[in-house]
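Keeping the supplied structure of chain A fixed, place chain B upon it in accordance with the hints.
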Amino acid sequence: MYDAESSMTVTVLLFASYADALGTASLDVELPHRATVADIVAAVRARAGSARIPAVPLVAVNCQYAGGDRVVQEGDEIALIPPVAGG
Amino acid sequence: MTPLAELVRRPIDPLALIQRVATPANGAVILFLGAVRQVNEGRAVTGIDYAAYEGMAASELESIVNDGVTRFGTSDIAVEHRLGELAVEDISVAIAVGHPHRDAAYALSRWVIEELKRRVPIWKREHYADGTREWVDPTGRSDAQAVT
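Taken in order, these protein sequences are the chains called A and B.
For the record, in the first sequence the residue sitting at position 80 is 80 according to my numbering, with numbers rising by one throughout.
For the record, in the second sequence the residue sitting at position 66 is 66 according to my numbering, with numbers rising by one throughout.
No lab work stands behind these hints, which were simulated from the structure alone.
No residue lacks a Cβ here, since even glycine has one placed at the ideal position from N, Cα and C.
This list has only true hints and no planted wrong ones.
Across the chosen pairs, the derived CB separations fall in these ranges: (1) E77(A) <-> P100(B): 40 to 46 angstroms; (2) Y128(B) <-> P32(A): 42 to 48 angstroms; (3) Y106(B) <-> A48(A): 47 to 53 angstroms; (4) G49(A) <-> R71(B): 38 to 44 angstroms; (5) S26(A) <-> R133(B): 17 to 23 angstroms; (6) P54(A) <-> G73(B): 34 to 40 angstroms; (7) A51(A) <-> T2(B): 43 to 49 angstroms; (8) R133(B) <-> Q73(A): 33 to 39 angstroms; (9) G23(A) <-> H101(B): 48 to 54 angstroms; (10) G49(A) <-> T23(B): 48 to 54 angstroms; (11) Y65(A) <-> A25(B): 33 to 39 angstroms; (12) P32(A) <-> P138(B): 33 to 39 angstroms.
Bound-form chain B, shown alone:
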């Protein structure tokens, strides 16, 4: 099936993604789910807002999936990233891949999530149990240091 790369504002349906990539040719199907966890860096998290530069995020996600097709030799890749307000345990991202062999399937799944985290312009603002909210900066610079 043609690869899928989408930003969505509804709950992600992992089974629908698996069904897209499970074909008679694929001996391996891998599903990666990213979910909102209840603690980040020691702080109790109650939810996350996901925001994006939507036009660019959509094109970067599509570019990653198309690169994956070329690099790994399978078009059975389906990625959805959710935007909007999510609660703890909600699925934020799902990556389903199918490949004839498991080594390539694992490598492809890992490659897609790492590329997504490296280049897709999506941001998350965590909501903490104490009522505060902060944009997460994976480069390690906290708001407290950055705002002068």
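One chain only, chain A, in its complex shape:
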């Protein structure tokens, strides 16, 4: 556990095959302040059922695609984006 001063909780949205795999459409993840997108992905991939989530999935922060080194803040909307299949 992190102490309250240095940790934050972010909510991660899951969709389609990722939501089915983890059995939920959103997860709360506790992370240190200044955590990155890659840290969030690693935390999600530690959960049961996450085998189908690749090491470097598409991720959006506040509805925009973001790279693994993007630093996130409490309150950001984080989403793991399965391979898109519109059209």
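Positioned in the frame of chain A, the structure of chain B alone reads:
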């Protein structure tokens, strides 16, 4: 007319989109329709659920259309993508574009659908004749391989 980019949960009306982009300036009007087909990778398909990260899908679609306006020099672009449960032959996406000249109109129409497929967070779950349902992964990784 101002460009249109919308996610809808009702049947798409292609004529309404054509009417938006057909103007006296446009010598070329192109309509692309994507529809649910009855076979995918050899399996009989009976329908598709389309799901989206709706806030982001709406903003990505709008961004594509706005980029198209800048790149191709026409504001006559109208795109609708349907969400929800569709049957075979239902229209899932419609792209109507108008431009003074056909070369640019064809290029713009093609560019919009390719960008949509590349970056708009929409997913489809196919329903098969044998009663099973699977999320489609265009990157080629099947559920059978991915779920361990």
